[in-house]
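Please take these sequences and the hints and turn them into a complete structure.
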Amino acid sequence: MKSRYLLPHLYKKIGGILFLLTFGTWLLGTIMDFNYSWVDYNIATGNQGNFADEIIVSGLIISLLMIAFSKEKNEDEYIAAVRRESLQWAIYINYGLLLIGTWTFYNWDYFSVMVYNMFTPLIFFILRFHFVIIKNRRTLPS
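So for the sequence shown, full-length UniProt numbering puts the first residue at 1; every next one is plus one.
Since the hints were made in silico from the structure, they are not lab data.
Careful, some of the hints might be misleading.
What the hints assert, rightly or not - Straight line, CA to CA, 25 Å or less: simulated DSS-like cross-link-like pairs of lysine-lysine:
no., residue 1, residue 2
1, LYS71, LYS135
2, LYS135, LYS13
3, LYS73, LYS13
4, LYS71, LYS12
5, LYS135, LYS12
6, LYS13, LYS71
Below is the structure:
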């Protein structure tokens, strides 16, 4: 089966490494309040900012896309079906949680829900896709 829109399998490993780097960077900044002053900038109005959040979010999105949409070593109809079902499942779960968050969190807490919501569809998809593949690999005779 020919998949037109999937990345080569190597991108899954590259995405995994990039994810670990950017997630670790995010953890350092969030939990340990680490300051990434090397990405500070000044704009014409005299205000100062920092590109750390933009770099981390970009890295997380790119890495999760690489992991989620890279070919498996043996890409066939079964893998395509699991991929499609996992994507549908991830969207249902994601929007279910978003509805719960909409009625549970307010103001800046809700903003945090929306920020995390950028990543959850890809994370749910990756987790479910690989769970089903691994589970079925164990049950199928070799």
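Results of checking the hints against the structure:
In summary, the hint linking LYS71 to LYS135 is supported, as the alpha carbons are separated by about 18 Å, within the 25 Å threshold. For the given pair, LYS135 sits about 21 Å from LYS13 by alpha-carbon distance, which is consistent with the 25 Å threshold. A threshold of 25 Å between alpha carbons decides the hint, and for LYS73 with LYS13 the separation of about 12 Å falls inside it, so the pair holds. For the given pair, LYS71 sits about 8 Å from LYS12 by alpha-carbon distance, which is consistent with the 25 Å threshold.
For the given pair, LYS135 sits about 19 Å from LYS12 by alpha-carbon distance, which is consistent with the 25 Å threshold. Under the criterion of a C-alpha separation no larger than 25 Å, the hint pairing LYS13 with LYS71 is consistent with the structure, at around 11 Å.
Checked against the numbered hints listed earlier, the structure breaks none of them; every hint is satisfied.
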